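**Student:** Next come the chains, spelled out residue by residue.
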Amino acid sequence: MALLEIRSLSKYFGGLAAVSELDMDVSESEILGLIGPNGAGKTSVFNLISGFFPVTRGEVRFKGEAINHLKPHERAKRGIGRTFQQSVLFMGSSVFENVFTGFHMSYKTGLLQQFLHTGAARQEESAVKLETLEILDFMGMAHLNEEVAANLSHGHQRILSICVALASNPRLLLLDEPVTGMNRAETSNTIELIRQLRERGRTIVLVEHDMKAVMGLCDRIVVLNYGKKIAEGLPDEIKKNKEVIGAYLGKEGA
Amino acid sequence: MDLSLFFQCLVNGLALGGIYALVASGFTLVLGTMRIFNFAQGEFYMLGAFVTFGVCEVLNLNYFAALVGAFLTMALLGVILQRFVIRYTYGGFFHTVLATIAFSMIVQQTAVITFGKTDRFISPVVKGRMQIGEVIVSNDKLLLIFLGAALIILLYYFMKLKVGKAMRAVTEDQEVAGLQGINSRRIFTITMALGCGLAGIAGAVIAPVLGATAGMGHGIFIKILLVIIIGGMGSMPGALLAALLIGLIESFGYQFIGGYNELLLLCCLMPLLFLRPGGLLGRPLAIPE
Amino acid sequence: MTSHMKRLAVLGILTLFILIPLFVRSDYFLHLLIYTSMYSILGMGFSIMWKNRLITCGQAGFWAVGAYTSAMLVTRTGLSFWLALPISGMASALFALFIFSAALRAGPLIFFMISLVSSFIVMEVLGTVEFFGGWEGLMGIPRPSIGSFVFLSKTSFFYFVLALLVLNIIAYYALYKSRIGRAWTAIGSSARLAEVQGINVYRYRLAATVIACFFAGVVGAFYAHYQTMLVPNTFSFLLSIYVQMFALIGGLGYFIAGPIVGAGVMVFLPELLRVTEQFQPIVFGILIIFIVIFLPGGILSITDRFSRLIGGDLFRRRG
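Chains as they are written, first to last, in our numbering: chain Z, -1 to 252; chain A, 703 to 991; chain V, -7 to 311.
Among the hints, a few may not be true.
What the hints assert, rightly or not - Distance condition first, Cα-Cα at most 30 angstroms in a straight line; then the derived DSSO-like pairs of lysine-lysine:
| id | chain 1 | residue 1 | chain 2 | residue 2 |
| --- | --- | --- | --- | --- |
| 1 | V | Lys146 | Z | Lys127 |
| 2 | Z | Lys226 | Z | Lys238 |
| 3 | V | Lys169 | Z | Lys106 |
| 4 | V | Lys169 | Z | Lys75 |
| 5 | V | Lys(-2) | Z | Lys69 |
| 6 | V | Lys169 | Z | Lys238 |
Calculated from the structure, these hints are not laboratory results.
Treat the numbers as computed from the prediction; the structure is a model and nothing was measured.
Start from the sequences, fold in the hints, and give me the full structure.
**Tutor:** This is the structure in structure tokens:
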């Protein structure tokens, strides 16, 4: 049983199909790349998996459970985390606060305990603070703890998005264009971090335009065009796939 | 209920509905394209009626001049509001709403102080009644429907013009519209002018029947909110449908239960609000997160 | 300002307020302060919803529900005022739940419009339906009493409402500092991100709304027994708009102090400038336009150099 199973997934806006009859499996601990020309429906797939778009047809199963009817926060609780194409952050808060807030659903002590400032509540809060620092450390952001998110460079904002997503301890991490807009150094650094996230047991699906990054990082690749899956396989296979090349060239010509 | 009364209610309802549709369309255009919640829309309507009074009774010009005058003066006032107040508000949706609220408060209270509580009446544009069989309907109401319908049709075709399409493009996505060579700034000015002008001319249309009162802006504003909530935002057909519905409920309601008709209106519409908070036909226009 | 200094300042101001009736002879001045306090509570209700990026234009309606609930329970069923007080709060809260639970799912803009319409509906219903006293309203609402002590003097009411205000402030402060408060801040900053991190945005927003309306209802009950009469026209949607202005004038980023300062300004400014009731909307309108253009952070943003404007650039397209 795969971690994420997608069967005949379709999303229509009026008469327009954003996603059409998609079948896709994501296995535990793999890094799957989701690529395709602009407008192919990649972000729509993410929105469908994370619960921001209601499904028109088809099914999404996570850990064997059908999650079509679940709202985004319920899916987050089940272990699906994501980042967004634009850096969606708590812009007015500091780097530390961003990630700290991200831990919201992990608290076990009740609200009443929190109000009364019991020992257990305070302990938990300290533990969360430590975990926040751990994530920031791991991702190389700890030196920017106090910096306001809005003031960060683009690259740092992208990394912060991943940090916040990690706070929800996701089994499945959906990264939407994590390295877009980054320079060479930032890109290779982030690629390495994503690799390490997989070493630590997370499953990752990646939407990206940077082909070098995708080919180097992903175990498998799924290619979309006009909402349909046109190819699936190992990076080497995809590189040579005529249809895939045609899809990209076709878009470039237009 | 006899046939004549039925038709009178029908005519009243359609006339009212048409007016609501016009004012609401102006409002929803500005809201959709510029994300400005123009709280003062009702005041433009009210001033349109007063301009009509001024043109017809004080300057003694004909009614057509009043219609044009109301449209142009209110379009101008709207652009002034946008250029000199709204453009300088920093801070987002709430601040612009309050700016329009403040503007409406100032305008309305000034009108109340200047004109007092008494209505200003305009000598009828068309006199007499029409009779088909048993049914008697007064001509001025028919004129209302005629003018209302004419303006709605004009608006419909306007939106099909290049300008209208440009407005639609800007509503959808400002950036993409820019890429298509559409000057958003100019579109905003035109939209605001049109939105407020529509309210003004609606006031001019209703003035011969209802006269001009300082408080009429207040009253219609709630109605157009209901129109937008029921009809859905960004949907002109939805607004029209909802406006006619509301006009008819109001008209027939008044006949049967007099002062309670407002209440009836709300009771009829409340279930709709709960079942389909996004409106009948429109898609909810969200404030982006 | 360290938090230690802040605490001292707050205690100092509180002491000052407690001592006011000793120094001030004017009943009218106390009356104004009582209104300021009531309006502050309504304003803080607006602010808690604003924290969640919700704009409400219906606070007057919920104030009315509380006022009428208490007035009618006490005058028609003889229920003790002290029981009616929390019941009025709950009535308001339930009414909010009824009106908003569907509206909230449709997005903040629909929510805003429904809150506006609800304010209007409440006033219409209270005025049209005879059961509620019609447009003439209710009269002869008894003053509260504890045993043989009856609240008669302005001073006694002043202390009463001050107690309500302080309780309100403490409640909101505790909420804001808690995990709930952090969730609200997250929602207000980016509802999408909050949702993805497991925060049930809908439920937290509903909670904020219900809490705000509960307190509005409680202070409504106070109002009814202070004025001893109620007229539907008091609860117009213009008043709901004034409540928004309290928060804006004081400063939208200051969820507790902002509405208090704003309410104070709007109650006392007409007195200082000797503005008659007729001209008040015009004066307020000009004030609002001034603030919106020149001081969008509100009055308190002058005093705090490091204030941050919350609710910043939602939209850029204003032409």
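**Student:** Would you mind marking each hint as holding or not holding in the structure?
**Tutor:** Hints versus structure:
With a CA separation close to 50 angstroms, the supplied pair Lys146(V) and Lys127(Z) exceeds the 30 angstroms bound. Taking the CA atoms of Lys226(Z) and Lys238(Z), the gap is near 19 angstroms; set against the 30 angstroms cutoff, the hint holds. The hinted pair formed by Lys169(V) and Lys106(Z) meets the criterion: a straight-line CA distance of about 18 angstroms does not exceed 30 angstroms. With a C-alpha separation of about 24 angstroms, the suggested pairing of Lys169(V) with Lys75(Z) holds against the 30 angstroms cut-off.
The straight-line distance between the Cα atoms of Lys(-2)(V) and Lys69(Z) is roughly 41 angstroms, outside the 30 angstroms bound, and the hint therefore fails. Restraint check for Lys169(V) and Lys238(Z): not satisfied, since their Cα atoms lie roughly 57 angstroms apart, outside the 30 angstroms limit.
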